[in-house]
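Protein chains in written order, with numbering that gives the first Met the number 0: chain A, 0 to 300; chain B, 0 to 121.
To be clear, the hints were calculated from the coordinates, so they are not data collected in a lab.
Careful, some of the hints might be misleading.
Label-pair restraints from in silico Cβ distances [said to hold, decoys possible]: (1) ASN227(A) x GLN114(B): 31 to 39 Å; (2) GLY106(A) x GLN114(B): 23 to 31 Å; (3) ILE49(A) x THR10(B): 51 to 59 Å; (4) THR10(B) x GLY14(A): 44 to 52 Å; (5) GLN114(B) x GLN162(A): 13 to 21 Å; (6) GLY75(A) x ASN102(B): 33 to 41 Å.
Covered stretches of chain B (in silico footprint by chain A; criterion: 3 or more residues with CB under 8 Å from a CB of chain A, positions within the stretch not fixed) [to be verified]: (7) 51-63; (8) 71-81.
Everything numeric in this text was worked out from a predicted model, so none of it was measured.
Here a beta-carbon is modelled for each residue, glycine too, at the ideal position from N, C-alpha and C.
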Amino acid sequence: MSDNFVIAVASGKGGTGKTTVATNLACIASASGRKVQYLDCDVEEPNGHIFLKPQVTVSQEVAVDVPQVDPEKCTGCGKCGEICQYNAILCIKENVLTFEQLCHSCGGCIRICPTSAIKVKSLKIGDIEFGKANQIDFVGGKLQIGHVRTPTLIKEVKKHIKQDCLTIIDVPPGTSCPVVAAVKDTDFVLLVTEPTPFGLNDLKLAVELIRELNLPFVVVINRHGIGNEEIKKYCETENIDVIMKLPDDRRIAEAYSSGKMIVDVLQEYIEHFSKLCDYLEGVKEKLNEKRRLRIRRKNIP
Amino acid sequence: MKITITSIGKTLDSEVDQRFGRAAYFIIVDSETLDFSVLENESAAAAGGAGVSAAKAVIDAGAEAVLTGNCGPNAQRTLSAAAVKLHTGVSGTVIEAIDLFKNGGLTEAAGPNVQAHFGIDK
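If we strip away everything but chain A, and leave its shape as in the complex, we get (with noise of 0.2 Å):
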């Protein structure tokens, strides 16, 4: 895997252990000579940090712009607030009010404003940082709080994808934009769930939202041994390859709730995660096969 394959590491259910494996994936592929990136694109609670402790050497400030009114040279014809699709601005009784964290930066009130009276203003919305964790490039993006800007900042994050390395992204939980935000242009997918009826429910509405993605994608199980055997029900009768299941071992849960990785200090689940990475090159060399395919095809006359 030494050159560019990117993986979103996402779930429908929160807290089913996206981090856990991202970050420990991440260890494991560096461990073997991989050339590893980590993004932290859940941005509203990042907490990849916690578990791979970068160096954080470069932090980068994400701003976007809002509107903001001369009311000197505004004339209250309201034709900003006519534009604007997210009431974002708009104009009562001549005088003309705007909501910052509506705005979705499209520029259409600065352009239509007949006399000019709206001025680009920067609204920071969060923070990039960059270090290292040992040999693994850490990237991760926090929102500012109170700030709802969450894929426009993911986004950010993701231009920093590197070409030449396994990319491994940590994408927030649930189904709604900031998952699409992270997901989207990845080359593979990793659904993360739990054996239990929410685990199951909200496995459902990822895989949806992936296949409307038109990505390739596998189940990982986590917490494997408790609830009920529905998941492996569901994934059998919908196709869809189930690639790990770690087992619900207390041992897992006391290492992540004092910020360790499994694979540093329950040495036999090392297995599990160097499995899961030779299974990705294989998929990568599959993908990559039927992109030449592809291209091959495209140069035929």
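Here the structure of chain A is known, so what remains is to put chain B in place on it, guided by the hints.
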């Protein structure tokens, strides 16, 4: 005086809708004659900014006061820009709310009483 009450139904006997931005209907009533009209809230299912657009609709309908259960910061700011008086914490039926308002039983809200997104999925 023209007042607006958030309502789950289209009559004066309907319950007050506890949400402002995502209320089902706005009942716009003349507090003296009790003549009223029903405005369907087009923002009820909006993806975002429901409070602001609902407030705009109520302002455009000419309301001078709003009676509702809960109102968030964006809607409150919009209503206040048009000097619409806001009364939160109102429950019961629409007609009961009107009576309470006329008898001076409601005090004006000093600000929003819930955070943004409070009324989603309620």
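Exercise for the section: Sort out which numbered hints this structure fails and list those numbers smallest first. Expected result: 5
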